[in-house]
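Trainee: Protein chains in written order, with this note's numbering: chain A, 35 to 230; chain B, 15 to 309.
If you are wondering where the hints come from, they were derived from the structure by calculation, not from laboratory data. It cannot be assumed that every hint is accurate.
What the hints assert, rightly or not - For each label pair, taking beta carbons as the anchor points, the in silico distance ranges come out as:
hint, chain 1, residue 1, chain 2, residue 2, range
1, B, His78, A, Gln82, 36 to 42 Å
2, A, Arg130, B, Ala32, 43 to 49 Å
3, A, Gln82, B, Trp249, 45 to 51 Å
4, A, Pro125, B, Glu26, 38 to 44 Å
5, A, Pro106, B, Thr255, 57 to 63 Å
6, B, Ile148, A, Arg130, 40 to 46 Å
7, A, Arg175, B, Leu185, 27 to 33 Å
8, A, Leu111, B, Trp249, 39 to 45 Å
9, B, His177, A, Arg130, 35 to 41 Å
All C-beta atoms, glycine included, are put in the ideal place defined by N, C-alpha and C.
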Amino acid sequence: MIGVAILAIVLVAAGGAMVWLRPAYQYRLNDVTGHEPGLKLFGARDTQGAVRAASDYSDKVTVLYMGYTHCPNVCPLTLARLHAAMKRLGPETAGRIQVLFVTLDPGRDTAHLLRQYVRAFDPRFRGLRLTGKPLQQFEKRYHVSVSYGEPGTSGDYVVNHSGGVFVFDRAGRMRLIGSGSDPLNDWVSDLRHLAG
Amino acid sequence: MPAWLTFFAPYEFAPTVALVCALALIFFVSGLVRLRAQGELVGSGRSIAWFVGLALIYGALQTHFDYWSQHIFFVHRVQHLLLHHVAPFLIALSLPGRPLMAGMPRALRERVVLPIVRNRAVRGVYNAVQMPSIAAFLFVGLIYLWLIPAVHFYAMLNVPLYHAMNWGMALDGLLFWIMVLDPRPPSGERGGAPGYVRRLGVLAAVMFPQIILGAYIGLTGRELYPVYAVCGRIWPVSAMTDQHLGGFITWIPAAMMSAIGGVVVLRRWMRNENPAHEEAHVPPQNESRRLQTTA
Numbered sequence: 035m036i037g038v039a040i041l042a043i044v045l046v047a048a049g050g051a052m053v054w055l056r057p058a059y060q061y062r063l064n065d066v067t068g069h070e071p072g073l074k075l076f077g078a079r080d081t082q083g084a085v086r087a088a089s090d091y092s093d094k095v096t097v098l099y100m101g102y103t104h105c106p107n108v109c110p111l112t113l114a115r116l117h118a119a120m121k122r123l124g125p126e127t128a129g130r131i132q133v134l135f136v137t138l139d140p141g142r143d144t145a146h147l148l149r150q151y152v153r154a155f156d157p158r159f160r161g162l163r164l165t166g167k168p169l170q171q172f173e174k175r176y177h178v179s180v181s182y183g184e185p186g187t188s189g190d191y192v193v194n195h196s197g198g199v200f201v202f203d204r205a206g207r208m209r210l211i212g213s214g215s216d217p218l219n220d221w222v223s224d225l226r227h228l229a230g
Numbered sequence: 015m016p017a018w019l020t021f022f023a024p025y026e027f028a029p030t031v032a033l034v035c036a037l038a039l040i041f042f043v044s045g046l047v048r049l050r051a052q053g054e055l056v057g058s059g060r061s062i063a064w065f066v067g068l069a070l071i072y073g074a075l076q077t078h079f080d081y082w083s084q085h086i087f088f089v090h091r092v093q094h095l096l097l098h099h100v101a102p103f104l105i106a107l108s109l110p111g112r113p114l115m116a117g118m119p120r121a122l123r124e125r126v127v128l129p130i131v132r133n134r135a136v137r138g139v140y141n142a143v144q145m146p147s148i149a150a151f152l153f154v155g156l157i158y159l160w161l162i163p164a165v166h167f168y169a170m171l172n173v174p175l176y177h178a179m180n181w182g183m184a185l186d187g188l189l190f191w192i193m194v195l196d197p198r199p200p201s202g203e204r205g206g207a208p209g210y211v212r213r214l215g216v217l218a219a220v221m222f223p224q225i226i227l228g229a230y231i232g233l234t235g236r237e238l239y240p241v242y243a244v245c246g247r248i249w250p251v252s253a254m255t256d257q258h259l260g261g262f263i264t265w266i267p268a269a270m271m272s273a274i275g276g277v278v279v280l281r282r283w284m285r286n287e288n289p290a291h292e293e294a295h296v297p298p299q300n301e302s303r304r305l306q307t308t309a
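Extracted from the complex, chain B is given alone in its bound form:
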């Protein structure tokens, strides 16, 4: 095998990650085909967002990028930027609910997924964690939690804790961006989409704590994460340079995602406020736009 190909091989094969990604890929592609047969088209932009988002999650966890992440702090910060911000943002933007449901086997959908989705307790917990204030608290809280130096030390050494951290970041990122990018018009009902002003407020609220944390890590003169020296850095980069780069990644691109999310929310707001404007640009036979509001 050529040396560059080994990068794409998992450093530590995780069957759960491989299985989840494979099933998600199969269900989505199958859903696209089935919906197309029914005359429902899913736009290419949505499909690309889905595939790129899924590929980023898989790549961050199941290539040698994960090995780099375990041994260089700033690469670890890039890994969490992908798992918590970029990939879940793209997946939420693709509105994958309807294609995934259409693509999975009927028995799985009707006997497993739908009963879980309709379960009152599950819905109660989901609605609670999707309340904007709680979602924002969880989003920022998880970033802070795993960057507490003592917690970070053990998270990077303890394999189950390491997996819990990465899964938790991806899952929380998905929940957060699904709430923020909800295509439904705002509704005051329980479980309904939050108002646009609240969503923009949430994006601003999560931005500033990330800036403060990133700036602290990026500018402090104290080594905060000695675990990378204990395990050894794979590149000849000094501890402080590594930490400063990691801080800037936590600070700048992570906060930028709030601005990008804000643009999408404003776009959704304008479309829902002015549906006539939307209809004027969509041919009647094109169902893909309709799907965005129903998925």
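Bound-form chain A, shown alone:
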């Protein structure tokens, strides 16, 4: 009888604590605060050739996505979704957000091609390039797998890669992971809350 009473008290206390500790805003994308490492760019270069560091974006919420310009479906869909979210957020809020597209195929994605590609989706988006070991370190840091298919007769090949989009707050902490298939409303709501 005492055991049941103790168990009941513990359960009620745990339930009460969960309600009390529940944050005022519940993120709709995956909230990964405290689970993933912060923003680090491993000496990535932008499409003008300048080396970029996480501190360059410290005044903004950073949305990081990795893909390649020859990607047939996932990358265009994801970048289109991010553009739609930026448009819905309006220029003021969107101005506090920086979308970065890191190419996983630096052999084909020249700086010029990358610049044309990202700006075709949204002129505010920026492309970044990494090669060799820094690219491997970058992939490892964010648990991103990349594999390259065999080239076809035209020389084109497929790059199998992560569909994750990583969102960092102004302090460079990773806060959210989403994807291009998450609803637009979820993206708009969460980005507005983080960048507001």
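Take the given structure of chain A and dock chain B to it, following the hints.
Mentor: Showing chain B alone in chain A's frame:
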């Protein structure tokens, strides 16, 4: 380095895993040599079970198999099958206690290991988690816990949580199989070996929840583990195919281990019920059988 050799290199070197495996290997081999010098032979079957079990744990955690496990769900399920079922089963079957104790440095044995083993609090906790009902609850509970979709998502992303999950599975597997495969005759005393019927009951009790969970994961049409899409699968396998294969691995081979464990328990039961049968097959000078009941 040839490309195939890179498979055997750790994806992420974990000093704790390497150290534990290296020490276990050194102590066991040294123990075999010392016991042999004293006229005590450890059977080759036991040694093979030990080495294979240890190699499986090391291989599951410290080769590129671990990288595959982080990026393909069904490989992750194979990894946990090895860490929680197969490798601990083989290690428990090898009865490594006596060779390990004999092989470690005397100072370590007498100043560190034995005081810990004899500590009343440690023994109390150990006896509690080795009670068949609690051991069965922990065995199944851990499998369920890490496969709750929300928990699984974070376990695969958060490095310390990922290591805690894998260590926890290996440790719990060891505790469970040591209890089930205990070579001592059953005893009603606290800390004694549980009865054979109870052990067989435990094996059956852990089998059905694994079948239910595996069947659910393997047959559902809903994607349960999106973390593999977030991080990217390393092979061109669809999310649902990956999940279904993972479910079947959780279902069939995992449940089969209960049947294999049951065969070993029945064998132990028959031997302890009929010691004369045992003696008739063991030459008097062969001490290896005796060790099985004393390790």
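Trainee: Take the hints in turn and mark each one as holding or not.
Mentor: Here's how the hints hold up against the structure:
no., hint, in the structure
1, B:His78 / A:Gln82: 36 to 42 Å, "holds, 37 Å"
2, A:Arg130 / B:Ala32: 43 to 49 Å, "holds, 46 Å"
3, A:Gln82 / B:Trp249: 45 to 51 Å, "violated, 37 Å"
4, A:Pro125 / B:Glu26: 38 to 44 Å, "holds, 43 Å"
5, A:Pro106 / B:Thr255: 57 to 63 Å, "violated, 20 Å"
6, B:Ile148 / A:Arg130: 40 to 46 Å, "violated, 53 Å"
7, A:Arg175 / B:Leu185: 27 to 33 Å, "holds, 28 Å"
8, A:Leu111 / B:Trp249: 39 to 45 Å, "violated, 22 Å"
9, B:His177 / A:Arg130: 35 to 41 Å, "holds, 36 Å"
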